[in-house]
Every structure is written in C-alpha cells, then in structure tokens.
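Can you build the whole structure from these sequences, using the hints too?
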Amino acid sequence: MPAMIRYVDHWATSAQVLCWRKVKIVMCVELWFQQDGATCHTARATIDLLKDTLGDRLSSRFGPVNWPPRSCDLTPLDYFLWGYVKSLVYADKPQTLDHLEDHIRRVIADIRPQMLEKVIENWTSRLDYIRASRGSHMPEIIFKM
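full-length UniProt numbering numbers the first residue of the sequence shown as 1 and each following residue consecutively.
Derived by calculation from the structure, the hints in this document are not laboratory data. Beta carbons are placed, not taken as given, at the ideal position from N, Cα and C, and that holds for glycine. Please note that a few of the clues may not be correct.
[As the list claims (entries may be wrong)] Have a look at the derived ranges for each label pair, beta carbon to beta carbon:
(1) PRO113 to ASP92: 34 to 42 Å
(2) ASP92 to GLN114: 17 to 25 Å
(3) ASP98 to GLU121: 17 to 25 Å
(4) VAL65 to SER125: 14 to 22 Å
(5) ARG44 to GLY83: 32 to 40 Å
(6) ALA91 to ASP56: 41 to 49 Å
(7) ALA45 to GLN95: 38 to 46 Å
(8) ALA45 to ASN66: 16 to 24 Å
Given below as structure tokens:
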C-alpha cells in the first residue's frame, strides 16, 4: 500500500481525529492544526480529510492557510522544544535506548507551564515581527526565553 494511502487511512481512523472532533464540540473553541509540507501530508486525499475535520483551521501547504516553507523560526517545536530537550537529555550521556527514552520522557514532563507561556509569548513576538516586516526573514534576531 502506498505511503500516502496509509497516511490517509491512519488519519481517517486515528484517535487524534476522533478526539479532535469531540474536543471541538465539548470545548467550543477554535483549535488549529499545523503540519509541514511532506508529500503524504499534502496529498489531495489528506488535505480533503483534514479540511472536512478542521474546516479553515488548517495551516498546511495546499491548506486553507498556507504554512510558509522552511519556517522553523515560527515553529515552537523547532526553535524551542527539540534543542531544549536534546541539551538536557544528552548532558546525562544516556548509555541505552531505554535510558534515553526515560530521560526524554522525564525532561518533557518537567517542563513547567510558565516556560510554555514564555514560549508562546516568544512565538507571538515572532509572528508580530513577520507581520510588521511583511514576511521577511528574521536575520540576527535572537528571542530569549
């Protein structure tokens, strides 16, 4: 089975989509979904399924809101989480895969809400900068946590 079909089948039956629909109904909030431009993510069947589930609250290549390519400056997972977790996990020099997995879980579990609030504040600052500069790159800008 081609990867794109497997991806769409996964999405159509995934707990994430079912949970998303329930959360949307229960919370009555407008949640957004963002994904990168990988081919399996942007196949017509995938985008159609996500649009049916999310409406206009999809930020993706070929989605209602086009996510800018190579935009790691706008993705908290890229500009914060991966580097933060990696620096703490590898400081301990894990010797086994189990130790590595345990340490990753522990580091992520120890992230405090206050830190996440600062990450979101930083993210909105980045969005404000991009908006004010009409989408230009952010050279030499370092946002501190």
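Each hint tested on the structure:
1. PRO113 to ASP92: 34 to 42 Å: 24 Å, violated
2. ASP92 to GLN114: 17 to 25 Å: 23 Å, holds
3. ASP98 to GLU121: 17 to 25 Å: With Cβ atoms ~36 Å apart, the hint is violated.
4. VAL65 to SER125: 14 to 22 Å: 20 Å, holds
5. ARG44 to GLY83: 32 to 40 Å: 34 Å, holds
6. ALA91 to ASP56: 41 to 49 Å: Check passed, 43 Å falls within 41 to 49 Å.
7. ALA45 to GLN95: 38 to 46 Å: At roughly 43 Å between Cβ atoms, GLN95 and ALA45 fall inside 38 to 46 Å, so the hint holds.
8. ALA45 to ASN66: 16 to 24 Å: Taking Cβ atoms as reference, ALA45 and ASN66 lie about 19 Å apart, which means the hint holds.
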